[in-house]
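Going line by line, the protein sequences match chains A and B. Under our numbering, think of the first position of the first sequence as 72, with each following residue one higher. Under our numbering, think of the first position of the second sequence as 5, with each following residue one higher.
Calculated directly from the structure, the hints in this document are not laboratory data. The structure presented is a predicted model; accordingly, all values stated were derived computationally and were not measured. Just to be clear, a hint being listed does not mean it is correct.
What the hints assert, rightly or not - Heads up, incomplete: computed chain B residues facing chain A, CB under 7 Å, no partners named:
| id | residue |
| --- | --- |
| 1 | Ala31 |
| 2 | Ala35 |
| 3 | Tyr38 |
| 4 | Phe52 |
| 5 | Met122 |
| 6 | Val152 |
| 7 | Ala189 |
| 8 | Val191 |
| 9 | Ala192 |
| 10 | Thr193 |
| 11 | Ile194 |
| 12 | Pro209 |
| 13 | Tyr260 |
| 14 | Ser264 |
| 15 | Ile282 |
| 16 | Pro283 |
Said to hold, decoys possible - If the Cβ cut is set under 8 Å, some of the chain B residues that face chain A in the computed set are:
| id | residue |
| --- | --- |
| 17 | Pro55 |
| 18 | Ile57 |
| 19 | Gly74 |
| 20 | Leu77 |
| 21 | Cys123 |
| 22 | Arg129 |
| 23 | Asn135 |
| 24 | Val138 |
| 25 | Gln160 |
| 26 | Ile203 |
| 27 | Val296 |
Each residue gets a CB set at the ideal place from its N, CA and C atoms; glycine is no exception.
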Amino acid sequence: MTTASVTIDPAAPTRTPRRSKSDRRGIRSPYPSWFYIPAGVLYLIFFAIPTFSSFYFALTRWTLFSQTFIGFGNFVQFFQTPALTQGFVNTFIYGFVTSAAKVVIGLALALLLTGATFGRGYLRAVVFFPVLVSTVGVGLTFKALLNPFHGVVNQVLGFFHLPQPGWYTDPHLALLTVAGVDIWKGVGIATLIFMAGIVAIPSEYFEAARVDGAGSWNVFRNITLPLARPAMATVIILSLIGRLRSFDLIWAMTNGGPGFSSDVIASVIYKQYQAGFFGLSTAGNVILFLVVTAIMLPVQWFLNRREAEL
Amino acid sequence: MTVTRAITTAPRGASGGLHPPRRPMTARRFARKYLIGIIAILVSIIVFLVPFIFILLQAAKDPKDAGLMGFDLPTTWQFWQNLVAVIQNNSYQVLAAFINSFILTIASVAIMVVFSAMCGYLLHRRRTRLNPLVNFLVLAGLIVPPAVVPTIWVLQGVGMFDTLPGMILIEATLGLPFSILLFRAFVATIPRELDEAAIIDGAGPMRLFFRVILPLLRPVVVTVVVVQAVAVFNDFTGPLYFLPSSANPTVQLTLYNFQSQSVSQYNLLFMNILLITIPPLIMYIFFNRQIVAGMTSGAVKG
Chain A
72 MTTASVTIDP AAPTRTPRRS KSDRRGIRSP YPSWFYIPAG VLYLIFFAIP
122 TFSSFYFALT RWTLFSQTFI GFGNFVQFFQ TPALTQGFVN TFIYGFVTSA
172 AKVVIGLALA LLLTGATFGR GYLRAVVFFP VLVSTVGVGL TFKALLNPFH
222 GVVNQVLGFF HLPQPGWYTD PHLALLTVAG VDIWKGVGIA TLIFMAGIVA
272 IPSEYFEAAR VDGAGSWNVF RNITLPLARP AMATVIILSL IGRLRSFDLI
322 WAMTNGGPGF SSDVIASVIY KQYQAGFFGL STAGNVILFL VVTAIMLPVQ
372 WFLNRREAEL
Chain B
5 MTVTRAITTA PRGASGGLHP PRRPMTARRF ARKYLIGIIA ILVSIIVFLV
55 PFIFILLQAA KDPKDAGLMG FDLPTTWQFW QNLVAVIQNN SYQVLAAFIN
105 SFILTIASVA IMVVFSAMCG YLLHRRRTRL NPLVNFLVLA GLIVPPAVVP
155 TIWVLQGVGM FDTLPGMILI EATLGLPFSI LLFRAFVATI PRELDEAAII
205 DGAGPMRLFF RVILPLLRPV VVTVVVVQAV AVFNDFTGPL YFLPSSANPT
255 VQLTLYNFQS QSVSQYNLLF MNILLITIPP LIMYIFFNRQ IVAGMTSGAV
305 KG
């Protein structure tokens with residue numbers, strides 16, 4: 072901060088006595104606090120109030136017009152109904168599988184696309200475009216492509232006499248199938264973030280390592296990987312934030328089925344809301360909040376700590 | 005932001021990105037450069053282009069042909085008929101949905117840009133006891149999933165449930181935290197001397213922000229507009245909860261309802277998917293660089 076900015080310090084007007092209007096205008100802070108108000112009002116009404124009240128409504132039997140306080144009944148019901156517990160477990164699987172795959176595939180693609188590979192521009196465009204396409208559209212397209220009977224994928228597998236799994240109709244595979252489509256759609260953004268991280272590494276490091284006789288693997292292991300850590304943190308955090316809360320792809324492909332095999336907490340919230348169990352649905356929301364916080368706090372702490380050590 | 009610009013405008017081919025090829029082109033380096041590239045291109049065609057070609061082919065087929073879901077050329081090309089049929093379907097519902105989605109996108113992004121630019125600007129320029137609190141709220145807004153039914157309860161309380169204005173305000177609110185982060189980072193690159201010059205010339209806070217600062221924020225405004233417009237346009241869950249009735253359809257919901265209503269009309273379903281893909285495609289073609297800049301921000305600073 073420069074000395075010049077001290078003269079327009081916000082504390083100034085409190086010390087000066089009242090003056091004429093034009094004089095005051097010159098001294099009053101040019102950065103008025105009410106600039107926070109428009110965004111603050113929206114945030115308060117449409118985000119903070121719902122979030123805080125959810126902790127109360129989660130403890131009630133609720134119809135929007137009347138509520139009865141029932142303590143932790145909703146939470147007990149949530150963890151005693153196998154269909155709902157399944158959603159709880161699936162949220163973790165879905166979040167971790169998609170994030171891990173995006174880190175691995177995204178990093179590999181980023182290395183390929185920052186190197187001197189033929190056709191980089193085309194590859195980058197093609198890998199990134201699915202990120203921008205409607206999730207519902209992607210889900211419905213892959214539902215047709217992976218159709219167990221007529222789908223293109225199984226026709227090709229059949230041609231090579233390979234097993235033709237039921238994909239989203241097989242209870243054991245449904246969640247992983249949806250996760251796979253999510254990886255297809257989201258890997259482009261992971262790739263871009265890794266590319267930005269890798270390009271930012273000063274080229275002197277690579278040159279020094281080469282002069283010292285390091286091979287490709289050593290350069291990757293000891294220079295690219297540690298210095299691309301902020302990028303990796305961003306990929307993991309963004310991906311986890313997005314995947315833990317969303318169910319649009321799951322809804323477009325399986326509606327949580329077959330049975331409850333591909334339900335996550337977010338889709339359970341929607342199903343309970345549709346069924347009119349608003350209290351139970353809100354309890355699901357509180358559980359999702361706790362899950363997200365329980366995962367994000369350690370992840371963020373771990374990733375930032377390692378960053379600071381470098 | 006400079007870093008992402010470096011990706012998009014990096015000289016291709018000759019100088020070859022990170023490692024300038026000082027060594028002569030041996031057979032191994034040649035293989036590395038072209039063979040891997042060609043394999044990657046072939047794989048990318050199968051993995052990434054086939055689904056999009058499939059959408060195009062399905063959209064041009066007749067209902068019986070499309071129902072077979074094969075990856076082959078249509079027996080009868082009826083691209084145009086399908087397009088007209090989708091638009092006329094359900095008394096021009098798709099047109100209404102596109103108009104609604106455009107209004108929703110434009111209005112919510114406009115609110116988001118102005119409000120979050122003000123916040124980001126203040127957050128960087130004025131250091132007070134409020135700053136840690138605001139920073140915490142921004143992070144919380146990014147991480148905490150919105151509570152659904154209580155939000156509906158609030159919307160009903162202010163009489164905006166299932167209305168387009170209510171949906172606009174919800175989308176604007178949910179987009180604020182990310183936009184504020186982008187603006188805060190960018191305001192740091194605008195020298196304070198400019199503020200001081202404007203103040204000495206007699207500009208008040210409003211004029212300083214709207215006439216001096218906001219025009220300088222143009223690059224990041226474009227980034228926020230493009231990234232958030234794509235996000236709002238593609239949002240499915242928001243309208244599903246807060247704009248459920250068929251009086252105000254949005255494109256994502258129309259697509260979803262279309263799928264559950266007419267199982268036999270796969271050609272029209274895929275024509276609908278194709279139509280919905282066009283706006284993001286146009287955005288991508290014109291604003292490629294800004295989209296990349298917005299989505300990769302935070303990858304480098306640590």
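How the hints compare with the structure:
1. Given hint, B/Ala31 at the interface with chain A, is violated; its Cβ is 15 Å from that chain's nearest Cβ, farther than 7 Å.
2. With a least beta-carbon distance of about 11 Å to chain A, the hint placing B/Ala35 at the interface is violated under the 7 Å criterion.
3. Evaluation of the B/Tyr38 hint against chain A yields a held restraint, the C-beta minimum of about 5 Å falling below 7 Å.
4. With a cut of 7 Å, the hint placing B/Phe52 at the interface with chain A holds, because the nearest CB-to-CB distance is about 5 Å.
5. Checking B/Met122 against chain A: minimum C-beta separation of about 4 Å stays under 7 Å; hint holds.
6. A hinted interface residue such as B/Val152 counts as satisfied when its beta carbon comes closer than 7 Å to some beta carbon of chain A; here the least separation is about 6 Å, so the hint holds.
7. The beta carbon of B/Ala189 comes no nearer than 13 Å to any beta carbon in chain A, farther than 7 Å, and the hint placing it at the interface is violated.
8. At about 11 Å, the closest approach between the beta carbon of B/Val191 and any beta carbon in chain A exceeds 7 Å, and the interface hint on this residue is violated.
9. At about 12 Å, the closest approach between the beta carbon of B/Ala192 and any beta carbon in chain A exceeds 7 Å, and the interface hint on this residue is violated.
10. This hint is violated: B/Thr193 has a C-beta 16 Å from the nearest C-beta of chain A, more than the 7 Å allowed.
11. Given the 7 Å rule on beta carbons, the hint for B/Ile194 is violated: about 13 Å separates it from the nearest Cβ of chain A.
12. With a cut of 7 Å, the hint placing B/Pro209 at the interface with chain A holds, because the nearest CB-to-CB distance is about 5 Å.
13. The restraint placing B/Tyr260 at the interface with chain A holds, with a minimum CB-CB distance near 5 Å, inside the 7 Å limit.
14. A hinted interface residue such as B/Ser264 counts as satisfied when its beta carbon comes closer than 7 Å to some beta carbon of chain A; here the least separation is about 9 Å, so the hint is violated.
15. Of the supplied interface hints, the one on B/Ile282 is violated, with its beta-carbon coming no nearer than about 10 Å to a beta-carbon of chain A, more than 7 Å.
16. Below 7 Å, beta-carbon pairs count as interface contacts, and B/Pro283 has none with chain A, the closest being about 9 Å; its hint is therefore violated.
17. Hint status for B/Pro55 relative to chain A: holds, with the closest Cβ pair at about 5 Å, below 8 Å.
18. Taken as an interface hint, B/Ile57 does not check out: its beta carbon lies about 11 Å from the nearest beta carbon of chain A, beyond 8 Å.
19. Interface restraint check for B/Gly74: the shortest CB-CB distance to chain A comes to about 7 Å, inside 8 Å, so the restraint holds.
20. Nearest Cβ of chain A to the Cβ of B/Leu77: about 14 Å, over the 8 Å cut. The hint is violated.
21. Annotation: B/Cys123 was flagged as interfacial toward chain A, and the flag holds, the nearest CB pair being 5 Å apart, inside 8 Å.
22. Taking 8 Å as the C-beta cut-off, the interface hint given for B/Arg129 holds, the closest approach to chain A being about 5 Å.
23. A least Cβ separation of about 10 Å between B/Asn135 and chain A goes past the 8 Å threshold, and the interface hint is therefore violated.
24. Interface hint status for B/Val138: upheld, as the beta-carbon distance to the closest one in chain A is roughly 7 Å, under 8 Å.
25. Using the Cβ-Cβ criterion of 8 Å, the hint placing B/Gln160 at the interface with chain A is satisfied: the shortest such distance is roughly 7 Å.
26. Annotation: interface hint on B/Ile203 holds; nearest CB of chain A at approximately 5 Å, less than 8 Å.
27. The interface hint given for B/Val296 is met, as the beta carbon of that residue sits about 6 Å from the closest beta carbon of chain A, less than 8 Å.
Checked against the numbered hints above, the structure violates hints 1, 2, 7, 8, 9, 10, 11, 14, 15, 16, 18, 20 and 23; every other hint is satisfied.
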